[in-house]
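A.B. asks: The residues making up each chain are set out below.
Protein chains: 2
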Amino acid sequence: MQEWNLKETADWLKACEDAYILIHQNPDGDCIGAGYALAEMLHQMGKRAAVLCNEPIPNRYRFMLPGEEKAPDFAPRCVISVDVADSKLLGDELRARFGNAVDLCMDHHISNVPYAAARYLDGQAAATCEILCELAKLLPITVTEQMAVCLYTGMATDTGCFQYDNTRPATFRAAADLKEQFPEVRYGQINRKMFAVKSFGRLRLEQLLIDRLEQHLDGKCTLICMTQEVLKKFQVDEAELDGIAGFPLQVDGTEVGITMKEKEPGKFRISMRSADEVNVSAICQSLGGGGHFKASGCSLSGTEAEVKEILLKAVAEGMPM
Amino acid sequence: MQEWNLKETADWLKACEDAYILIHQNPDGDCIGAGYALAEMLHQMGKRAAVLCNEPIPNRYRFMLPGEEKAPDFAPRCVISVDVADSKLLGDELRARFGNAVDLCMDHHISNVPYAAARYLDGQAAATCEILCELAKLLPITVTEQMAVCLYTGMATDTGCFQYDNTRPATFRAAADLKEQFPEVRYGQINRKMFAVKSFGRLRLEQLLIDRLEQHLDGKCTLICMTQEVLKKFQVDEAELDGIAGFPLQVDGTEVGITMKEKEPGKFRISMRSADEVNVSAICQSLGGGGHFKASGCSLSGTEAEVKEILLKAVAEGMPM
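So the sequences go chain by chain: A and B.
In terms of our numbering, the first sequence opens at residue 79 and continues consecutively.
In terms of our numbering, the second sequence opens at residue 79 and continues consecutively.
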């Protein structure tokens, strides 16, 4: 695999034709933004380009699209992936079709596993959209309002609206440039949609979650356990449980937040989140799982009480003195 | 009153001595950040300076202070206010002592009511701390880590972490500069503390609020009514009700969010918030109140049902077709 710099990447894009742009499954603001912004850049250079995803773009992100999603009406002469850290993340169908045929992978995940012929990786960028803001300056194109919506949304969603530590000076500056060039974009509305608004179902679920918050280890560890019994009793939609892993962290004083979800009787899927200093990747590794420093997971079997005991012991040992 | 530009303001600050810096009552991240950053700038220039507030700095903001709060051990030879839009907002005690003695008012509130001998007002700045980032460049000082914490926190809190539309390119750029100069500041931790963390009491209150959410006008208006009966029954701490005015807005589809709080039997204090396009200032004015385009209030008397009917009629009339 070749590692390219941004200039080499831009030069290759100027020469490419008929591009399929692949984004990852469970698409988020950053891969959708990067995919559709890049497609628009290629269109402006007179090329055919289409974004492909293993599943439909979720409603909440459809405002980023220039129109209806449609299948490409041309065969690819090149394949580009954006924000896809591993070919597994293309999803089964796209992976089967293109997993070994990606010409260029553009990504910001430091954990990126090589699978393309060439790669542009900036592991310090907050978002792939941040990379595309730089890339745009090297292409013979003019950034459009639709691109600005895509690029801003990608950077905002991957940083929790510039809240997380991955936000770097260049992220702020790229957002400043977009806001200066396109003051008419409704950034506040985008942020509200992405960060503030909740469905009634989600609010009802949060009520239940608050009832189930448990504080352990002098309040440093906050845990939520969702057993099969609770899931059934309150008719919780499994899809709505996505994204609750961070919920316990919002309790004041929490250093490690844990959610336990009983997938089948006696088998728990654990998500662990660190507020700051505790390495939950190491803790989850000690329990047969793994992940990132601040966001990891593992699977454990036993009764609710047994699994909690194992977890709390491991967290206590993994906390700095 | 003289209107100064930033250079005139800087020149005056270079010449001033023994400054009292006044901030507003119910102090927030921006006035505390601006006050303590300015004090530190004056200290660096070899001057005496002290920050005065009508009440103690709340615990959640004490990380911004260089040490314990203490009464100044010198008499003022000049008085500066920062982020104080009206001398009324100094609070009774400070207003009585200094309301007519302010030499320089530095502010970003477009609604600023003149009360000082001279004023530097930038109504487009997202925060007074954003103004101080510019000011620092005109003073013979070096920005310190403590100033960076103050200035960043002020900008972040006044913009909802760069979420609101008051965030302008210059806000992003000022944040970028601070992050570049002081990568060691724990911005992510500050953001977590300011935006993510909640007390258990607040979470319990949110459970109750979710139960009391009512949707009206095809879901475009979401309302919460806290009667005396509810407040008593659930032993709600009145102080915890501060800041719930925005709660109804988080419900998907809401354009106007209303909170009704029964202050005494049959007398309601109303807060009204707009998600985007509806001018709630005009609606509240029609009911004898007022405020800003997106955040206003009024007081109404009657039974819960009567007050709701008045409110919903006014909101329906105030919504664009």
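Be aware that a few hints might be false.
No copy labels: a pair is met if it fits in one copy or bridges any two.
Unchecked claim - Listed next, the in silico DSS-like pairs over lysine-lysine satisfying Cα-Cα at most 30 Å (straight line):
#, residue 1, residue 2
1, K92, K298
2, K311, K92
3, K215, K276
4, K148, K386
5, K166, K298
6, K92, K271
7, K166, K148
8, K166, K391
9, K391, K276
10, K341, K215
11, K391, K271
12, K386, K271
It is worth saying that the hints were derived from the structure and are not from the lab.
A.B. asks: Next, verify each hint and record whether it holds.
C.D. replies: Results of checking the hints against the structure:
Taking the shortest Cα distances, K92 and K298 never come within 30 Å of each other, neither inside one copy (53 Å) nor across copies (47 Å). In the homo-oligomer, the alpha carbons of K311 and K92 never lie at most 30 Å apart, since the shortest distance is 57 Å inside one protomer and 68 Å across protomers. When the C-alpha separation of K215 and K276 is checked against a cutoff of 30 Å, the pair qualifies neither within a copy, at 36 Å, nor between copies, at 42 Å. In the homo-oligomer, the alpha carbons of K148 and K386 never lie at most 30 Å apart, since the shortest distance is 47 Å inside one protomer and 47 Å across protomers.
In this assembly of identical chains, K166 and K298 lie within 30 Å of each other by CA distance neither inside one copy nor across copies; the values are 35 Å within and 42 Å between. Within a single copy, K92 and K271 get their C-alpha atoms no closer than 35 Å, and across copies no closer than 45 Å, so neither meets the 30 Å cut-off. Proximity of K166 and K148 under a CA criterion of 30 Å is satisfied intra-copy only: 23 Å inside one chain copy versus 59 Å between copies. For the homomeric pair K166 and K391, neither the shortest alpha-carbon distance inside one copy (33 Å) nor that between copies (55 Å) is at most 30 Å.
Proximity of K391 to K276 under the C-alpha cut-off of 30 Å is restricted to the inter-copy arrangement: shortest distance 26 Å between copies versus 35 Å within a copy. Neither within a single protomer nor between protomers do K341 and K215 lie at most 30 Å apart by alpha-carbon distance, with minima of 48 Å and 58 Å respectively. Taking identical chains as interchangeable, the C-alpha atoms of K391 and K271 lie at most 30 Å apart only when they sit on different chains, with a minimum of 27 Å there against 39 Å within one chain. Proximity of K386 and K271 under a CA criterion of 30 Å is satisfied inter-copy only: 27 Å between copies versus 36 Å inside one chain copy.
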